[in-house]
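Taken in order, these protein sequences are the chains called V and X. Okay, so the first sequence: first residue is 52 according to our numbering, each after it adds one. Okay, so the second sequence: first residue is 896 according to our numbering, each after it adds one.
Source of the hints: derived by calculation from the structure; they are not laboratory data. Every clue listed holds true.
Derived DEER-like restraints, expressed as beta-carbon distance ranges:
1. 465/V to 1061/X: 51 to 61 Å
2. 1064/X to 473/V: 43 to 53 Å
3. 331/V to 921/X: 28 to 38 Å
Heads up, simulated DSSO-like pairs for lysine-lysine below, C-alpha to C-alpha not over 27 Å straight-line:
4. 128/V to 110/V
5. 1026/X to 315/V
6. 102/V to 179/V
7. 947/X to 315/V
8. 1141/X to 1126/X
9. 53/V to 1021/X
10. 219/V to 245/V
11. 218/V to 179/V
12. 157/V to 120/V
13. 947/X to 1097/X
14. 219/V to 110/V
15. 970/X to 1002/X
16. 1021/X to 315/V
17. 131/V to 199/V
18. 315/V to 970/X
19. 53/V to 1003/X
20. 70/V to 1021/X
21. 1002/X to 53/V
22. 120/V to 179/V
23. 947/X to 394/V
24. 53/V to 970/X
25. 315/V to 53/V
26. 70/V to 1026/X
27. 219/V to 179/V
28. 1170/X to 1129/X
29. 1170/X to 1158/X
What you are looking at is a predicted structure, and each value in this text was computed from that prediction instead of being measured. Ideal Cβ placement from N, Cα and C applies to all residues, glycine included.
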Amino acid sequence: MKNVLILLRKDVLRFVADKPALLLTFILPPVLILIFGLIFGGSGEPQSKIKIIFVNESKSPLALTLEEKLDSSDVLKPVKEFTPEESKVPQRFDEETAVRFVKEGKYSTAIVLPEDFYTDTSSALRIKIFYDPKNAIESSLIQGAIQKTIFTQMSSLFPALMTKRAKKTLKGSKSVSFENEMAEIIGKYFNVSKDTIVKYFSEENIVKNPSGENFIGNIINIESKQVVGESVNNPGVTRMAGGWASMFLLFSIVGASLTLFEEKQEGSLKRLLCMPVTRSQILWSKYVFSTTLGIVQLLTMFVFTWLFFGVDIFTNFGNLFIVIVVSSMAAVSFGMLITSTVKSIQQANGIATIIILIMSAIGGAWFPVSFLPGWMQTVAKFTITYWSVDAFLQVLWRNVAFSGIALHVLILASVGVVVTFYSVIRFRKGNIF
Amino acid sequence: MIEISEVVKNFENVRALQGVSLQIEDGSFFGLLGPNGAGKTTLLNVIIGLLKPDAGHVAIDGEVLVYNDVNVKRKFGYVPQEIALYQELTALTNLKIFGRLYGVTGKKLNERIDWALEIVGLSERKNDVVKNFSGGMKRRLNIACSILHNPEIILCDEPTVGVDPQSRNAIFEMLKKLNREEGKLIIYTTHYMEEAERLCDKMAIIDYGKIIAEGTLEDLTALLEKKETVKILKNDLTVSKLEELKLMGMVNETEFYIELIPKEDFKKNVRLFEKFEELGIPDDNVEISRASLEDVFLFLTGRNLRD
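Just chain V, with the same shape it has in the complex (with noise of 0.2 Å):
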């Protein structure tokens, strides 16, 4: 045991005097965390709008009241104007220009309300989108924000728009009678005037009250209630924060484990077997000082997520420090058996990065899990990232008891357990002594 502790300080001397262990174990991984962080929301500010190309040609009111909505839209920013260099004067934008600027990569989509976007003749709105895919994401993203704003804040549209056909294809006193009849029947069912009903379907109307609040409104009525970490403070990052440090507890831990390849390569690790220290010494003290490490490295990243993000750690911290203590454990036997199973380091940092990327991957320490084929799912829990990931998210997320997370704690610190002696007895066969 004294053994071990000796081994223990020195490598913690080492690990202290070695600054850019240091600066990646410690800095990189929060610098990186306020950076995901900030990208995914996490600040607590609003969060940036997509810039679009807005062009509005027609003079319809209802273009106006679209343009309107538009403008108020919590996902977009419709930019009307440009400043070409040869003038530096601002100018709107029109087609021409916006399919320009779309095609120059300027921007991914315009809009364009054109001239007939709504005529008296017309019986449908007409509106042009040009867009460049680059970014799936973003375009799917945009095409639902603008028929968001259309069926939601313009409902009155539809019945409109429906008399207006009505008025087209039948034509003539047909057309009439089929607004009287269907006023009519709406009135009597409900009990309202015939004239009220012909009002809602009126341009008119659609410009005064576009949601359509006082009849045609909230046909479509969805409640949605969060039930789940409704009082989380900053949802982004505390989703993913569990995520995020495992990832960097496996490099690092892996790292600190690969430093036994390194003692061996500078021939200390010979020194120490040419005195009166046994190899179980050895391994003991470098499982304890990489299993500390790993606890410390994540404490620090929860802190640091806690300070900068608000991520409430405290509220469930005694579960989170089991998950963190196995979780550790896990990472450090994984480390070992890289280290007792390759003949180098080169070949140990090879093969452990492409493992913890692929764990990172589908073990959900990038997205979610959900977001995989089934398969790939069923694949994901033999990965020590999936049940780390997993048991953070339970414990910071739905903030359970330690029921919720007792099959988490069992499979990690069992892989901790068994991977570890397994190494222990690889490391007599391997190369490293």
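The hints should help you fit chain X onto chain V, whose structure is shown.
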């Protein structure tokens, strides 16, 4: 006394030690000479208990050593070929770590550290980070870390590799001091014959895992039929002349010289120079020197030591 008896060690396809037997007396400075891959380091690893011999044994004062015995390791101070130090830490921290692992603690550890630093001449630099040391200083600290526990036996595995001549001399003086003043038994492996000639009172030559000669420098050079080596400048030496020289004795060709250990027929210098005259080799191109261990190795194996 260390007694090595019929030690055999095989690796997968390599017969590293083939029945090595040696007796090394207390207080001696023993050289183990041989080219790279001859089995020197393997033999040291067997002596210290790091490798288990396939056959044979090593005994100290009649007590057979057990493989990987922690207590046996305390008897030895091992100076590795590599600079086996934690270079990001100070010299003092390195010494403390290794001293404590040898079981030396407290006031005694401080005394031993001061003693070791004094011996290696690094007292003034003890608080400096090792990576800022010169190669020679690192080598000296490498030795200091191995002697903190006052071992009976010091095993030096080519401790001067890559060291400048000045630092090499300092290391030699330090090791001589440990041997002569502190009475340590030193086993010193090297493939530099001049080091062995300068340091060791007894030595063994090992090649392909076998001891091919053993004794004092005088014993070994006496093995040669003629104790002189003739160096001939290669200038204008034709292939046919070289063939003639090969008939005169053992020939080793270097970049600028032909080294010749003459046969019995050419033992007398007069006969030798008569032949050179016959071959048209001017006297100025010929130098006769006393036989060295290098010559002994060449004589015994037919190969140059550094081949």
